[in-house]
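**Student:** Each chain, letter by letter, is given below.
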Amino acid sequence: GQQLNQSPQSMFIQEGEDVSMNCTSSSIFNTWLWYKQDPGEGPVLLIALYKAGELTSNGRLTAQFGITRKDSFLNISASIPSDVGIYFCAGQPRGAQKLVFGQGTRLTINP
Amino acid sequence: GAGVSQSPSNKVTEKGKDVELRCDPISGHTALYWYRQSLGQGLEFLIYFQGNSAPDKSGLPSDRFSAERTGGSVSTLTIQRTQQEDSAVYLCASSLAHEQFFGPGTRLTVL
Chain W
515 GQQLNQSPQS MFIQEGEDVS MNCTSSSIFN TWLWYKQDPG EGPVLLIALY KAGELTSNGR
575 LTAQFGITRK DSFLNISASI PSDVGIYFCA GQPRGAQKLV FGQGTRLTIN P
Chain R
280 GAGVSQSPSN KVTEKGKDVE LRCDPISGHT ALYWYRQSLG QGLEFLIYFQ GNSAPDKSGL
340 PSDRFSAERT GGSVSTLTIQ RTQQEDSAVY LCASSLAHEQ FFGPGTRLTV L
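Heads up: the protein sequence lines correspond to chains W and R, in order.
Sequential numbering of the first sequence, starting at 515, is according to our numbering.
Sequential numbering of the second sequence, starting at 280, is according to our numbering.
Bound conformation, chain W alone:
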């Protein structure tokens, strides 16, 4: 079935550093979404991407929909303590409404 390979699995950074994570797939996706999940809560939508090549920002977050439609990345600039959590990419396959999720990137910020 369709799978998303998300990397890295975990990141340990200093406050103020920039962060980059990405997802790749062997399948084409029509939509890419990035979510953040805090412990004990559901995922919260950060950015949605709808067109190949699209680059979208939301505050300190920037995400891109890969030109091949098989990958996406998320960048976080100037990280702050509240950025701690697990980030998930999700892709919507062609002709489907469901989302396929990556395994997540756990972000830890050292004080």
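Short, incomplete list of chain W residues facing chain R, as computed with Cβ under 8 Å:
{"no.": "1", "residue": "G556"}
{"no.": "2", "residue": "Y564"}
{"no.": "3", "residue": "F602"}
{"no.": "4", "residue": "Q611"}
{"no.": "5", "residue": "K612"}
{"no.": "6", "residue": "G616"}
{"no.": "7", "residue": "Q617"}
Bear in mind the hints are in silico, worked out from the structure with no lab data behind them.
C-beta: ideal position from N, C-alpha, C; glycine also.
With the hints as your guide, set chain R onto chain W.
**Tutor:** Just chain R now, with coordinates in the frame of chain W:
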């Protein structure tokens, strides 16, 4: 609030018992989704509703799992004869278009 709500937030049951999990979507959202998240993993799609019908049930892991949606609103996910491997967080999401908004989940523990 106006978000997706789920109940109960936690459910502990004995192996072999049946459980029902409830989801109240965002008012006006026509699409509703159920996902399952095992510890430390990404989300796994279970079933998708458009209105009261379920055009995609491909993620239901066995015939012990079923779901219904009534009045184009509330949905119930039922797991019969629960097994220990059913232990997970069950997440519900709703949408009007591509962006899916998640509830806080129900943590199911099967002893």
